[in-house]
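K.L.:
Got chain A; can you put chain B on it based on the hints?
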Amino acid sequence: MTPLSLYHFLALAAILFGLGVICVTIKRNAIGILMGIELILNAANINFIAFSHYVTQRVDGQVFAIFVIVLAASEAAIGFAIIYMLFKRFKTISAEKFDSLKG
Amino acid sequence: MNLADIVFFFAALLIIGAALIVVFSRNIIYSAFALLGTFGGVAVLYILLSADFLAAVQVLIYVGGINVLFLFAVMMTSNIQAVKTTNRPLKMQLAVPLGIVLVAILLWIIFETPWQATPGVIFNPNTQKIGFMLLTDYLFPFEYISFVLLMVLVGAVFIARRESRPADTKEEL
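Residue numbers (the working numbering), protein chains in the order written: chain A, 542 to 644; chain B, 379 to 551.
One chain only, chain B, in its complex shape:
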């Protein structure tokens, strides 16, 4: 039982505990804050997997960007009277057993497949390798995803625009 096992155990506990709060909490704000715990736990997992650059990217983008976006959306779209939204009991009785069956099938597939896994790889920093790959093997997806980001930026601003009233356009004429 070395340090990696202990860190993995606590990271897994954090991830699963926070995900349970996200799924089964009745208050959407509790879910939004518990999502933060999930993302942080996954970042710890990336460090265990020698993905140091990706752990930093995970914290920056997911915790610092996406989760803040979630909190903005939750704060802007919650009714003042009814902040809590409950989960429907019938859906829970049907969905949770099916989810458990799904996880059981996935676990059975995982433990029955003979993965060609090498045990215990040395940790080394790989920011340089990622940068090299992004500009040689993955050049086209890299350029294309910058285009996708531009489309998303324009699209999100356009979808959530404020509708101009007829009085404004009459004054311009």
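This is chain A alone, in the form it adopts within the complex:
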């Protein structure tokens, strides 16, 4: 294996991103879709920090990764609040059942 370089981290993040996209597409459970979104955000974070380490000598990428982590936590919290209310109302969280905007 060639010594560790930027390409290894970018390729790993690309594979993780693809798996996250497949997870968002495939899952019937609404919480499964949120799991896919977390995988996508982690892949983006790996990219940020890898570029911050290999291309610049500053920590800008890491500061931005902190913001990404904070926003990922926030949207997971709001997503779960919405899913919880959907579960209380419809007694199911299968994403295929939520197909109309009528209350």
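Among these hints, one or two may not hold up.
According to the in silico footprint, chain B covers these stretches of chain A (three or more CB under 8 Å from chain B) [as the list claims (entries may be wrong)]:
(1) 564-573
(2) 591-601
(3) 619-630
It should be emphasised that the hints constitute simulated quantities derived from the structure, not laboratory data.
No residue lacks a Cβ here, since even glycine has one placed at the ideal position from N, Cα and C.
P.N.:
For chain B alone, coordinates are given in the frame of chain A:
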């Protein structure tokens, strides 16, 4: 083949293996626990990239906060009869090849772009540098994100509130 390569190999194995379980497992609880493995593997990757503060933040927030939130949500919203939710076969036949095509395009872009990468940077602790940047260059996003957290806190509590029944409000009058 030095220690960094070996650690990266095992961390990558953990990340991809756990992500495969997250995506293709039929039991949502298995997926929720495998997500823990993904987050831990990513934390190991951050240490390899000299991001020690961010590795700690990743473990604290993602594993200790977000994953616990996932488990709460899975436990609270699962039907007692049907804990397993299966993935639809037609969607899998369509989505997995498209996902592979997406990853192939991304990998081709990655390996064709001439990145200006310096090989082998020295590891140094950078918690102090991050703190300095947060208060000088990134001051406005830092203040704004605390406001966003306040909004999210109020919003989540409001969305998931318990509906008050008419009998309660009549007694207050």
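K.L.:
Evaluate each hint against the coordinates.
P.N.:
Hints and how they fare:
| no. | hint | result |
| --- | --- | --- |
| 1 | 564-573 | holds (count 8) |
| 2 | 591-601 | holds (count 9) |
| 3 | 619-630 | holds (count 8) |
Violated hints for the displayed structure: none, as all numbered hints are satisfied.
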